[in-house]
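With the hints as a guide, bring both chains together as one complex.
First to last, the protein sequences are chains B and G.
Position 315 (the first sequence) corresponds to 315 in our numbering; numbering is contiguous.
Here our numbering runs 612 ahead of the position in the second sequence, where the first position is 1.
By construction, these hints were calculated from the structure, which means they are not laboratory data.
Keep in mind that a hint or two might mislead.
One side only, chain B facing chain G, incomplete, derived with CB under 8 Å [what the hints assert, rightly or not]:
1) Val281
2) Ser299
3) Val306
Quick reminder that beta carbons are idealized off the backbone N, C-alpha and C, glycines included.
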Amino acid sequence: MKKLVLIVASLLVVFSACAVALAQGYETMPEDALIIPLGVEATPYDFLEPGVRGGTMYISTITDAKKWNHTTSKETSTSLYTSQMMAGLTDQNPVNGAIEPELAKSWDISDDGLVITFHLRRGIKWSDGTPFTADDVVFTFNDLIYNEDVDTSSRDNIQLPDDTFPVVEKVDDYTVKVTLSMTFRPILTQIGVGIMPKHKLAQYVHKLNPDVPVGTFNEAWGLDTDPAELCGLGPFIVESYEPDQHVVMRRNPYYYRYDANGTQLPYVDKYVILTVASQDVSLLKFRNGELDVFGCRPSDVPILKVEEVAKDFTVMVAKDKPVLGTAWISVNQDVGLADGTRENLRNLFRNRKFRMALSHAMDKQTMINNLVNGLAVPQWSPVSLMSPFYAGRDYYGGPITETNAVIFEYDLDKAASLLDEIGIIDRNGDGWRDFEDGTTVEMEFNTNVGNTVREGAILIIADDLKKIGLKAVANPIDFNTLVTKLLSADYDFVYLGLTGGTEPNSGGNVYRPCGTLHAWHYSACEEPYEVEKRIDELLDAGVATLDNDEAFEAYKEYQITLAREDLGLLYTFNNAYTYVYYNHVGNAQVAGPLGSPSSYYGLTWDLVFKKG
Amino acid sequence: MKLTGLRALVVVITVMALFSLVGMGYTVAELEDIAANELIPEISAAAGIALADSYADTMTEAELEALAVNGRTIGLRTASADALAIQYRAKTEDEIMAILKGTADPMIRAAAIEPALIYLISTTSDAEDFSLTDYLKDIAINGETHEMRLAAAKAYYFMMRASLKAADLEAQAVISDSAELAYAAGEVLAGFYLSFNPKTQAELEDLALSGESEGMRVAGGIALATLLVNSDLKAGDIEVSIVSITGTKSAEYRGAYITALAVRYGS
Chain B
1 MKKLVLIVAS LLVVFSACAV ALAQGYETMP EDALIIPLGV EATPYDFLEP
51 GVRGGTMYIS TITDAKKWNH TTSKETSTSL YTSQMMAGLT DQNPVNGAIE
101 PELAKSWDIS DDGLVITFHL RRGIKWSDGT PFTADDVVFT FNDLIYNEDV
151 DTSSRDNIQL PDDTFPVVEK VDDYTVKVTL SMTFRPILTQ IGVGIMPKHK
201 LAQYVHKLNP DVPVGTFNEA WGLDTDPAEL CGLGPFIVES YEPDQHVVMR
251 RNPYYYRYDA NGTQLPYVDK YVILTVASQD VSLLKFRNGE LDVFGCRPSD
301 VPILKVEEVA KDFTVMVAKD KPVLGTAWIS VNQDVGLADG TRENLRNLFR
351 NRKFRMALSH AMDKQTMINN LVNGLAVPQW SPVSLMSPFY AGRDYYGGPI
401 TETNAVIFEY DLDKAASLLD EIGIIDRNGD GWRDFEDGTT VEMEFNTNVG
451 NTVREGAILI IADDLKKIGL KAVANPIDFN TLVTKLLSAD YDFVYLGLTG
501 GTEPNSGGNV YRPCGTLHAW HYSACEEPYE VEKRIDELLD AGVATLDNDE
551 AFEAYKEYQI TLAREDLGLL YTFNNAYTYV YYNHVGNAQV AGPLGSPSSY
601 YGLTWDLVFK KG
Chain G
613 MKLTGLRALV VVITVMALFS LVGMGYTVAE LEDIAANELI PEISAAAGIA
663 LADSYADTMT EAELEALAVN GRTIGLRTAS ADALAIQYRA KTEDEIMAIL
713 KGTADPMIRA AAIEPALIYL ISTTSDAEDF SLTDYLKDIA INGETHEMRL
763 AAAKAYYFMM RASLKAADLE AQAVISDSAE LAYAAGEVLA GFYLSFNPKT
813 QAELEDLALS GESEGMRVAG GIALATLLVN SDLKAGDIEV SIVSITGTKS
863 AEYRGAYITA LAVRYGS
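Excised from the complex, chain G in its bound form (with noise of 0.2 Å):
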């Protein structure tokens, strides 16, 4: 067939268009499309993150209960726990910890974990001996849910930070009483070693990989994911590395790339 000059016109617009639209970013149904339909659960995911601020806007918070947990791939449900995660905010202490300790779908819980953190640093007690760190160290400890241990022990790093150094956070990512401990240490010391105690990417992604624990490899996952968005990769670049490291045992590695390519995606 043979384009006359209008229709070749038309087509060479809508090129121009495509490309712009490309340029600009993805739009909400082209993420959709991503966190729904795409089979490497990474990059669903990473487009579940992008589309958090969206369904936040768009959808009411039973809606994205149902998603979070029923829905049909990571995507999808990385989208409606994100986005539970902001609404949450708007919840009082009670409410929030309720679905902190309750049998919800982890899912749920998870979402609750961020929203803790201003009530759980905000705590008080008329208690002469009372001490917050050890109040929050012992709800990182015993705390009836892993999502209660874990703001806990967000909240016990973030009050503790100042008297913290690198070293500190390293013993403490390696052994600590409890896993999520371990694993709050290891979200702080990424700080340190993207500020005070720099590392190379090779570092990082070599702690990211292997780390001798869970704490350690979050702490390079999470630096990782920084240096990779601040890098010239596009997203079709960390699409490709995402494809070759699916399999991969480290899910901080592998979180690393989600992060980074959920950020190219507009997050």
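Next up, chain B with everything else stripped away, as it sits in the complex (with noise of 0.2 Å):
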């Protein structure tokens, strides 16, 4: 009788532990686990440490989901959530932008470079243990992306310059080939959409289901859907859901990330993502420490100094890695084009010895100092220093040298004298400079009424002009009136901003002198210049090539010759990023401006961890 007590109590004990490895996914790390490198030296994530498992981490957010389905998602509210539930063949690096293996371990690209092969990951699995394949992947473009019955816009994300689709074949469980109609090195960016569950989700698909109405997939994984139900291949999985007021996150039991010592990502248990009034309302919660992390203000900052030291967090102001995006004056070469007047205005605007007299008259540090309280950084170029593609960092090719620099730095005398040598001088003695004529050179400078920032920008630059003779009447106005006057080409000068990614490419539409916001010089698409043709051409060289080295030359050359030869837009400056984080949570300090699949407001959510 002891003897069947002792087996049986042995094979519970054996039970009980199995049911805990079931309960914490994979038994044993899979083959293909993919091992990010906290804390190793001579690696993007050196400066970061690896941590320890469990506690729950609280963010908030201020608009709750609209459904579960990344695939159908469109704002930013939804993919919140989707994106910590889904996972892509590639991922951009949080740390330097490099776009990287994610699901695929690896891949090889055909000499002509329109062939790319995928080699997935083996060993890998849904939350749900389904193994993860190459059916999944094939599923995610053919059934859903490419499937004009899916609401979807990754569609239109993945289209190639040609209009065509890049065509998605399994060759076996654990490779995908990826055919493209041209090369296109950006393919390996927008090839990382998130990779949908066939085995949850074929069932809401027409074409493989026809038992389900067309279109039954854009109601599939809708809020009411019971949690259990979901599944994904990121580091958290919704597990419930309570409207305006939260949702709670756990995380997946077979993620495929582990740090360098074999320990499964993510570090936390769960996220709970409180849903709340407004910006405010979270940085009242953040000091009253019901949040962990906060993605702040740079008004914030001030409020925030004040309780940092005795509260115990971390203000993170980081000049280091501004937000992307571009903000800039756009002098119009066209102005009065389309009704043959104003041709004094529009010669001068047309000389570029007149665009450089302006960068120098630009004081970028007093505006930066008066309008963002130090918060920001000179900006020359339109590719984010955050990109690797940046011509001032060294991630691909090496720096640009400072000879190769190509700011204009601030200088009322250089200004005056360019001016003074294109023959635009004060003729009467009135202190304005003039046309040859004797008409003053006069313009009209117009931002969107109601942004501090840049109204303040424009006043500050309209001064140093009036400095060196130069009329420029400062005139905030509506920003819809002012966005119809940039796309009609019927203003002078305009301070707008961007917003930007980590690919120059995505700038086509504003650089090319057919860009549909070449609002400077529309009529280059008929008449460019030699300068804007080159341009088109180096956004050409960056993309039709594979090799990242060859695209950053490309797009060196790109950044420079906009800066110092075509003066098209003249920047200002870039915020800097700002974000507070509580020091019990290990390796906020990763948080930046890079938004990736894998990060809120720049916290990479699977990295973090709460100290003991």
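Put into structure tokens, the structure is as follows:
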């Protein structure tokens, strides 16, 4: 009898151990687990540290999700959650922006650059334990993204410049072949869409299951779906949802990323995402200790600094990783072209030396100090400093040298000399510079009313222009009116900004002569300057190679040409990235503006951890 | 008495343990002892601040309210009031506003100030001409109690922070429409002195001691506290400093040292 009890007890222990193992996913590290070398020297992650498992992170958002379906999500309030549930073949490194293998462990590219063969990680499972295979990849592209019945913005994102789509084919369970009609380097970024589980979702796709009506997939995985039905490959899965209250996400027990110590990621067991009324409420909740991290704004910094030490948190103001995007002055080189008026001004604006003079008259540091309390960096290139293709950094091909620097320093004397040189001088002694015919050079300077930073910027610039005898009348106007003026080339100077990414080619609609936002010189589409033709060629060269070093060389010349020769847009400054986190959050310093499927306002969910 | 080898070892271990304890910070019992028995009020108050989290976790609202009003020392009253502020975060807007506007003891009303901020900045209205900042400013001037006015003043400057520069705040910390507005301007100004418009410790000491208004002294005192916390000063050093300034007229100056000591105590 005693023996029997012992056997039963032993079996119970074994069953318990198995249950624990199952609950935690893989019993051993999968064959092709992705190792994130946290704290390992000479890697992008050397400034981070391996963490410890456990705990709950609290963050906030101001809008509820609309669904749990990543493919059909169109708003960040939804993708905040769905991007945590899914993963793609490739992903962007959150530290340096490089495109790296994710679900694909590697890829081969044919000599002509038209065929990319992705080798998938073996041994990886969906969060419900189902094996991940090439069938899921083919399903995602061929049955969802390319399926006209599916309402997804991913289709536009993956379309090639010649309007074709990459052909995705299964070679075997762990190999996928992607065939392109043209060489297009950004494909490695764009192919990184979230892969969806065929075993869960094929039933909702009409072409695979004619029993369901067309469009059924668009309603799949709505907010009323039982969370137990959801599954993914990403670090977290939705566990529960209370409208206007919170979403709880639990760790994926089969997540395929591990740290260098062999600890499975994510470190944190759960995320609780509170839905709050506003960013200001989030700030107060952070100060109360109800949130662990917060994507603060520059205006929040003074308030947070008061409590930073006493409450043991860190206010991150990272000038070395400014936010993506551009802020610029557009000088309308087609002013008056439509009705044949203002020829003097048009010729002046088309004179490169005039635009050089303007560049020397822009006191970027004063703008930064006075308008954003010093929390910004001067900008000279349209490519974000965080992009691996930014000409001033050394990720691909090495940095530009000091002698290659293309920044026009603030120097009103140089600006005045350039104006003198082109014959724009004060001819009647009234203090204002005149054209050769004696009329005063005068231009209107618009930005959108209500944006206090932009309003302040145009006042500072107009004031400096006044010092060198140029009359620029600052006039903030309604945003929609401003955009209409910009797009119809009906303006003199406009101060505005554009959002941006890390791929320079995404600015093609702005910088190509026929780009829809080439708003400073629309006539370039018919009569491009030589320099504009060169910019067009360089943008082509940047995507026509799959070699990142070659692409860097093309983009480096592109940036320098734009800034030194073209001077189409005159850049001002980029805001510094600001973030705040309690010091009990390990690896929170990884936060940065490189938004990617693995980040929340720059916070990389699977790498942070709760310190003991 | 001669120590045997075993007894000597026990003594050594005990001494080491005591040093370890000091190195690890203060226990709740030690903090309670300081808060309840320390004769110097600033030190007692610092211990009270450090105790708040523990009290919030272990005492009921009724117990805390009683202790906040009738606590024997400033330390016990501070611990209870700060703990109440934590517990009050769970109260509804109506409950919080009732406390702020009511006739409860000022210590209890003060505990409702920080929890009220979320409600005050979230206030909405159907009125076309409704301006939240005007509304908050009006309460900051005409609110029923000092605590109501102070909560509204804090909310007002919270909402205005993006459009104000240090020079604006310096002016408003001196001359304002109510004492509470000037006080709240000083609080935000302290943040500027710690970030965009940094001042030296000597300048902040001077400001906290003899700034020309309460608002300016608040700015100096709050910013000074951060520098003290960031310094190499140990708890004992700060206690010594407090002994020497305990009779100092400026509450804001003393407040800086109280805050710094509270952090050293483990708040």
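**Request:** Starting from the hint list further up, note which numbers the structure goes against and sort them upward.
**Result:** none
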